[in-house]
Structure formats: structure tokens, C-alpha cells
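Residue numbers (the working numbering): 675 to 1339.
Pairwise CB distance ranges (calculated):
| id | residue 1 | residue 2 | range |
| --- | --- | --- | --- |
| 1 | 1146 | 879 | 37 to 43 Å |
| 2 | 1111 | 1086 | 35 to 41 Å |
| 3 | 850 | 1147 | 38 to 44 Å |
| 4 | 1014 | 1111 | 25 to 31 Å |
| 5 | 1288 | 1208 | 20 to 26 Å |
| 6 | 862 | 1111 | 36 to 42 Å |
Calculated lysine to aspartate or glutamate pairs in the EDC-like style (CA-CA distance at most 16 Å, straight line):
| id | residue 1 | residue 2 |
| --- | --- | --- |
| 7 | 979 | 1141 |
| 8 | 1262 | 1326 |
| 9 | 1069 | 1206 |
| 10 | 1069 | 1084 |
| 11 | 1062 | 1097 |
| 12 | 1069 | 1087 |
| 13 | 1101 | 1019 |
| 14 | 902 | 1117 |
| 15 | 1062 | 852 |
| 16 | 887 | 932 |
| 17 | 1112 | 1258 |
| 18 | 1262 | 1117 |
| 19 | 979 | 926 |
| 20 | 884 | 1012 |
| 21 | 887 | 929 |
| 22 | 1062 | 855 |
| 23 | 1307 | 1229 |
| 24 | 884 | 937 |
| 25 | 979 | 921 |
| 26 | 1325 | 1284 |
| 27 | 979 | 929 |
| 28 | 1262 | 1333 |
| 29 | 915 | 962 |
| 30 | 1112 | 1019 |
| 31 | 933 | 888 |
| 32 | 1183 | 1166 |
| 33 | 1112 | 1034 |
| 34 | 902 | 1034 |
| 35 | 979 | 919 |
| 36 | 1062 | 1090 |
| 37 | 1262 | 1328 |
No lab work stands behind these hints: they were computed from the structure.
For every residue, glycine included, the Cβ atom is placed at its ideal position computed from N, Cα and C.
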Amino acid sequence: MWARLPLKCPGFPHETTPSASAARPSAATRIGKHDLVSPDGLGSEALSHCRRRARQSTGGVLFWQCRAMWRIDLHDDALTIARRPVCAAPRTGDDRGGRSLVVEDDTVSVTSSLEATSESRSTAFFATTCCPLPPFPPSRSLVSFPPFYLKTDHHNSPLNNNSPRARKMGSLATAPFEVLDDTRPEDTSLPAFMVSTTRGFLPRMDPPVKLPKEFDALESILQRMPVKTLEGEPGLLAQSKLGPEVDSSFPDLTEAMDKYKDDLPLMNALYRDYSFLASAYLLEPCHERFVRGEGYGLGRQVLPKNISHPIARCAEICGFKPFMEYAGSYALFNYRLENPAAGLEYSNLRLIRAFEHGLDPTSSEAGFVLVHIDMVKNSGPLVAGTMKCLDVASKMDASSRSSTLGTPAERAEFNEGLASILEALRKINGVMETMWGKSRPTEYTSFRTFIFGITSQSMFPNGVVYEGLNDGKPMSFRGESGANDSMVPLMDNLLQVPMPDTPLTEILKDFRSYRPSNHKAFLLWVKERSQELDLRNFALGLHATSAEASQEQLDLLRESRSLWLQVLDQVRDFRWRHWCFAREYILKRTSHPTATGGSPIVTWLPNQLEAVLEDMATIHARAHREDARGLGKTAEAVMEAALRQRETLRKEVDKYCAERGVQRG
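Please build the complete structure, drawing on both the sequences and the hints.
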């Protein structure tokens, strides 16, 4: 049979219908270099366009090429790729017919998606399935590539869920995912954020600092914007003059972006800069009231088109929402090196953009952001250890993973991966502890005003109208939050930490969409791969039979359990410290009920922390039942402290809930 594959994408100016005499590919299940054809001589141009974008790949599935969100439907054997509306909410369902499209290098293939109705796979499809094609302004209509054709054999076709090929390939989410070793910092055709074993979740390169001359007006207003400028003078926000200048004389520079749209790190820098300008414009009135000792009141309810159009344009190109995000804007793409030769040492880091006093590296605003960068600097080994654990498990036979302890060599290599993760987390937590001295609790609430979002905030009760977009209807986005960092979610997914079925967990899921596309795809891939490999059961020996195991195997299993528990304890330590920050920096200093990301300030962090503590207790109890030796002094000390902390947390949350009239759960 023939599967018609019209690619509805921006960037290609025409639409055609195949002629009866059109050449058709000979390959059975792939559209590759010699298979993609189009009638009437149009195939060459279209194919060249596809391949040019495909070669930006590092190999593997092009999850990371998410310039926007795409939907793939299968109807009567015709696969249609279509762009979803900008800012549309994620959706679930199985209307894709259980099929997925995979792009590998110059090849497009169709694969079966198992358990298509599950939430995680629906999220994989709608949130991370992407097409590597040029973006277009939100107002432009869809155009189509010429239709291409794929010849398939029904029995062996991957469209047949029972075919051997379909069973082998599995789902889109568990297809190979390439983590970079060489981040290719000079390659401007790649997205700024791609997960690597060297820089972890930091961008591939140090962020661009200087904008092209076409954006001098943007550069000028951002340099003059902070409460205290780099020169130490009062800026526009100190005098409440930013809004009037934007409204009266700031130009719309959207068209200037077209010249640079293929330079993705530069587009990310423009996204960073416009998001700073947008947040400052919207929240300037709230800051003015705050410094007078009043409540926040209302922010500006309309974002003018000289900001709304360009931020929507560059956000769509880069795969972000048109509002400030933690990684792509506020923190991880907002540093420069004072001395390039000194690298990422903390003392060498400076902010590129700031709201209040952040251009002074000794300020609390600078410390707040730079400590996050210093933490994420250590995430490369975290990624490498994760990949090692998954790689070891993937090389084992499925029956070996589920019913045996593995060979001593396999188990020892797996434990090496866990040990690498543990060491990385200890470094990250050690850096996190320095926040107390580098960003003072008494000063946080001042610059915090500018990093609030729109969703669930009293400053924007009806959302914000982005002038010229979304038919004039208000839109809402969550604010910048360290909870959108990818390090701890990576551990949640690898370790399969059970989260409670609560509205608070739903907020956690919503936060997933506020990350760089490649980060989202990687986290989802780790989650799916860990589950597919039954990693938790293998690591903890939950389904293994130990009657015939050697003493060496039992000792290595005991080590695995201890390491797993210690890794969980580092996740607990991270989340406990985050709770302590919320308590000391926010709860003791403001009655505002929501965090910057729109989550309930009292109950949201404890929701995840209690889940980790519960998981630790469960694993510890089972290990004691199965091995009278327990897990050793280190693990026992970890559990003793964790159980005490669980009681302390409950008392503290109850106290703040009672004081603020908040219900738990």
C-alpha cells in the first residue's frame, strides 16, 4: 500500500498534488536519500530543504529541533504533520492512531507507539515531537510541502503494530537519544540548549553578549533599564520611566530578526532580552508600589506590539513560550565571562541583564542567578552517570534484568554509574548551600517582583493581552522558577520516584513545558527508557531470585541499594534546601500566596519532598527485610536523618498552613 505523507510546514511557498506518473520510492519502510520524491520536478527543491535542516542534527531523533509544537495524525494511511497554534496548551489522547514519526539523519520512518493512550506517551507526542523547519510569524497561515510517498508492506510495515519491526523499534520516546560530548560551540545552526556530558544542562556555548547593530535600540533600553545601571546610576525602573519610553519611542524590531533567524544562539539571546523587557514593562507598576510599602496591585494588562511581536517571533524560533523562562532567559542564558580564559569559575561570572542591582556581581540579585549557573555547571557528570546506568541495563537481556541480579561485572559497572551520579549531586548541593551568603534573604523580595509570571497571580487576574496576537484574547504563562531546572527532574525520572496524585503534582507536570525543547525531550526519554528497562527493579533487586546468587552478587546488590538510597537522599537534600529557601526568603517576609511560577508557596515544595522521603523509607524497609545486614552505616545514618526531617517538615508545613489559612494536599 502507499502512505501519503503531506508535510504541512512553514517555509515552503507552495502546495501541489501528485501526478499519476510520479516516480515512487522503492524502499519498503523508509523515506531516505533515494526514496523521497515529488512529482513534476519539485522533489529536488523540497528534499534539499528537508536535508539541509536534517543535517543540523547530531544524529538520532530530532526531538531537539522543537521550534514550535507539531501534531501528527494518521488518517487512511496518510500521515499529516501540522503546526499547533502558538501558546496552545498540551493535550492528551490517542488520535494519532498509535503511530509516531521518527526523523533520523536524512531518514524519516514510521514507528509504532506502544500504550498510545498513556499520559506520558501523549505528552511525548504533543510536547516533543518536532519538525526541523524554519519558523514563521504566528499570524501566517500554514503552507504545504509537495506530498511525498512511502511504499510499505502491510505485514512487515511499522504501521502494523504486530510486525517484528514495530516491536523492535518500540515508541518514539525510547528511540535513540544522542547526548553530546562535543558541544560544537561554534555551530550557530544548532539550538543553544542541547544536553551534553561536558556542560550538562548549560547551553552549548557561552551566551552571546552583544547584539547586532539592528538591535541597538533594544540594547540601549536594556542597559538603561535596571534600578541601578552598570555605571551605578539610577535606571529607568528606578524612576518608573520604562513604560512611558516603550509606549512612546521604542521601535518594533520584529522584521530585523529575519536576517538572523538561522543563528539559533543569537535568537536565544534575543528571546532572553525581550523577555527581560516584557517582564519589566508588565511588572513595573507593581515594583513601584512595592518600594512604597504597598501591595503589588495590578501590573500592566497589555503587552504592546513592539514587544509582543518580537518576543513571540524569537520564542517560536527557539521553542520557548513568549515569556521569561528559567533556562532560556533569566538564569542559564544570562551570564558572561569577565575573563574568557578563566572559564566558569564563580568569581568570573557576570550577569548580562538584570532588573535591580544585578549588574553588580556582589549584589543579591546577581548571587541568586549566578549560584544557579554555578550549580548547573556540575550537571555534566550527572548526565554522564545517568547515561551509563541506562547503557549498562540496555545491554542486558530483558529476562536478566527482571529475574536475576546480573553478572558481577554488569552490576559493578552499574554501580559505577550510580556513584558518578552521587558525586555530581553532592557537588551541586554543596554549591547550592552557598546561596545563603551570596544572595541575602532580606533582599530577595525586592528583585523578585520582576520574575513573577501571569498564571495564578493577582497582578494579572485575567491574563495579559499580547497586542496583535491570539485574536486579542488574554494569555497566561508561568513565571521564572528554579523548579524548572532539569537536574532534579532528571533524577525523578531515572529513579522513578512515585509522585502523589494531587493537584500539586499537576503543577509539577505543567512546569515541564517551561524548559528548552532538548531538555524536555531528554527528560522524557530518560523516564521512558528507565521504565522500559525496568531499571528500578534491577537496581534494587526487587524481582530477582537470590537463592542461587553468589556472595559477590549479593554484596554488589547491597551496594546498589545503598547507592540508590544515597542518590535519593541527595535529591531529598536539594528539595529540603529549596524548602528552607522558600521559608527564609519568602514565607517569613511576604504574605503573597503564590510563588513566581504560580504554585502555592506553602504546599507545593513539600508535595515533592514528602514523596522522596516516602520512597526512601520504602526502599530502606524492604532492604532490611531481605538482608539482615541492612545497607551499612552510611545508609543507616541517611535514613535516620531523613525520618527526623520528615517530622520536622510536617510540623513546619502545618504551622504555615494554619497561619495563612491554607489547606494541605
